[in-house]
Amino acid sequence: QKEVEQDPGPLSVPEGAIVSLNCTYSNSAFQYFMWYRQYSRKGPELLMYTYSSGNKEDGRFTAQVDKSSKYISLFIRDSQPSDSATYLCAMRDSGTYKYIFGTGTRLKVLA
Amino acid sequence: NAGVTQTPKFRILKIGQSMTLQCTQDMNHNYMYWYRQDPGMGLKLIYYSVGAGITDKGEVPNGYNVSRSTTEDFPLRLELAAPSQTSVYFCASSLAGGDTQYFGPGTRLTVL
Chain A
-14 QKEVEQDPGP
-4 LSVPEGAIVS
6 LNCTYSNSAF
16 QYFMWYRQYS
26 RKGPELLMYT
36 YSSGNKEDGR
46 FTAQVDKSSK
56 YISLFIRDSQ
66 PSDSATYLCA
76 MRDSGTYKYI
86 FGTGTRLKVL
96 A
Chain B
15 NAGVTQTPKF
25 RILKIGQSMT
35 LQCTQDMNHN
45 YMYWYRQDPG
55 MGLKLIYYSV
65 GAGITDKGEV
75 PNGYNVSRST
85 TEDFPLRLEL
95 AAPSQTSVYF
105 CASSLAGGDT
115 QYFGPGTRLT
125 VL
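Quick note, the sequences are listed as chains A and B, same order.
In case it helps, my numbering puts the first sequence at residues -14 to 96.
In case it helps, my numbering puts the second sequence at residues 15 to 126.
Please note: incorrect hints may appear among the correct ones.
[As the list claims (entries may be wrong)] If the Cβ cut is set under 8 Å, some of the chain A residues that face chain B in the computed set are:
1) G(-6)
2) A14
3) Y24
4) P29
5) E30
6) R77
7) G80
8) T88
9) R91
10) K93
11) A96
[As the list claims (entries may be wrong)] Listed below are several chain B residues computed to face chain A (Cβ distance under 10 Å; list not exhaustive):
12) L57
13) E73
14) G118
The hints are simulated quantities; they were obtained by calculation from the structure and are not laboratory data.
These figures come from a predicted structure and were not determined experimentally.
Even glycine gets a Cβ: it sits at the ideal position worked out from N, Cα and C.
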């Protein structure tokens, strides 16, 4: 079993839809969670950074962590064609500064 | 402020050749990282550095070497290139361990 699992997609949604992207993990010690967005042939860029459980909102993006289920989500409201990209989750425990990355979910928002 | 820059953008190598991938950051970050990204495999850590003169292996270090003589630069050396090293290579940096990592644009390497 991989430490971090992420559905590769592609996930296709119409413009304006609410998108839910998810990662599951096996290590209950993970406490720091990040979501990166990666456009085609570009480097990843940080979208959201959360610690422990709960929700964090930033504009159209909401990151949610459910440590009891070992499950994290990224919600995108009012999705736009410019949101079309691959979304990577990354996480670590407090004993290391090395992050484990998911394989990424490819999202397509159709105009 | 350019952030993290990488050169070259693309490179084709023949089996057995060597090359150095360059990475420079201008954010005065202490930590720097090299990752490779293969299709469907996510980002795998090759080497990292916590400061000038200090480097350590990541998850997939075989076939690579690094050095960190300055805070700004963290080159990755490939000796005796193999087809298994065909990948996209990303350099990243962070101010401290565990902090947000800022990525460069990547180097797309093909070994034939």
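Verification of the supplied hints:
Hint status for A/G(-6) relative to chain B: violated, with the closest Cβ pair at about 11 Å, above 8 Å. With a least beta-carbon distance of about 14 Å to chain B, the hint placing A/A14 at the interface is violated under the 8 Å criterion. For A/Y24, the interface hint is violated, the least distance from its beta-carbon to any beta-carbon of chain B being 10 Å, above 8 Å. Because the smallest distance between the Cβ of A/P29 and any Cβ of chain B comes to about 5 Å, under 8 Å, the interface hint for this residue holds.
The restraint placing A/E30 at the interface with chain B holds, with a minimum CB-CB distance near 7 Å, inside the 8 Å limit. Because the closest C-beta pair between A/R77 and chain B is about 7 Å apart, less than 8 Å, the hint holds. Here the hint on A/G80 is broken, as its CB sits about 10 Å from the closest CB of chain B, past 8 Å. Against a cut-off of 8 Å between C-beta atoms, the interface hint on A/T88 holds, since the closest Cβ of chain B lies about 4 Å away.
About 10 Å separates the beta-carbon of A/R91 from the nearest beta-carbon of chain B, more than 8 Å, and the hint is not met. The restraint placing A/K93 at the interface with chain B is violated, with a minimum CB-CB distance near 17 Å, outside the 8 Å limit. At a threshold of 8 Å, the smallest CB-CB gap from A/A96 to chain B is about 26 Å, leaving the interface hint violated. A cut of 10 Å between beta carbons decides the hint on B/L57: the least distance to chain A is about 4 Å, and the hint holds.
At its closest, the beta carbon of B/E73 sits 8 Å from a beta carbon of chain A; the interface hint therefore holds under the 10 Å criterion. The closest approach between the C-beta of B/G118 and any C-beta of chain A is roughly 5 Å, which is under the 10 Å cut-off, so the hint is satisfied.
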